[in-house]
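Undergrad: When you get a sec, could you build the whole thing from the sequences and use the hints?
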Amino acid sequence: MLDSKLILPYMDDDGNIRGETVLAMKEGDYYRIKSIPLHALKIALYDLIVVRNSKGVLYFHEIMEDSGRSVIQLIVLKQRQGIAIGKALERFGCLWQKSKDGRRFAFDIPKHSSYSPIKNWLDEGQREQRWGYREACLSASHQSADQRPVG
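Residue 135 in this note's numbering sits at position 135 of the sequence shown, with consecutive numbering throughout.
Treat the hints with care, since some could be wrong.
[As the list claims (entries may be wrong)] With a cut-off of at most 27 Å between alpha-carbon atoms, the simulated BS3-like pairs for lysine-lysine come out as follows:
| # | residue 1 | residue 2 |
| --- | --- | --- |
| 1 | 119 | 55 |
| 2 | 55 | 111 |
| 3 | 5 | 78 |
| 4 | 78 | 119 |
| 5 | 100 | 119 |
Keep in mind the hints are simulated off the structure, nothing from the lab.
Since the model is a prediction, treat every value here as computed from it, not as a measurement.
TA: Here you go:
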């Protein structure tokens with residue numbers, strides 16, 4: 001079956017509600033997310049969602065089944081970080097995409113991957129002011145206490 005485009009709502013840096021286009025595949029009455037959201041929160045790759053159709057445009061309505069995956073969104077603060085970031089994410093086994101301007105990255109953390117080494121890498125880069133990041137969608141398994149450093 002062919003991928004469809006649908007709109008995920010998100011709030012931009014100025015507090016305005018915007019729509020982000022992502023790919024999804026129809027599964028029965030629902031749609032499975034097939035691309036990593038660069039802006040939207042609380043939705044991850046392979047989540048199964050309900051959509052609303054308004055004049056032929058598909059809009060996110062609610063999550064039917066979450067995939068157990070996580071999405072981290074990263075904004076590059078220092079120039080020429082893109083290649084190094086992409087290589088590091090691939091070493092962690094993460095799928096990723098970046099914005100056209102190369103300043104924003106979004107990456108997927110698979111369900112059974114350990115978040116702890118990724119979180120340490122993210123925190124180090126943030127401390128060094130190479131990037132800022134947010135945990136746009138953190139699965140229950142990646143939120144668990146054994147994944148996070150104590151202290």
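Undergrad: With reference to the structure, classify each hint as holding or not holding.
TA: How the hints compare with the structure:
1. 119 - 55: Measuring from Cα to Cα gives roughly 42 Å; hence the hint is violated.
2. 55 - 111: violated (35 Å)
3. 5 - 78: At roughly 32 Å apart (the allowed maximum being 27 Å), residue 78 and residue 5 break the hint.
4. 78 - 119: holds (19 Å)
5. 100 - 119: Between residue 100 and residue 119 the Cα gap is close to 25 Å, so the pair holds against 27 Å.
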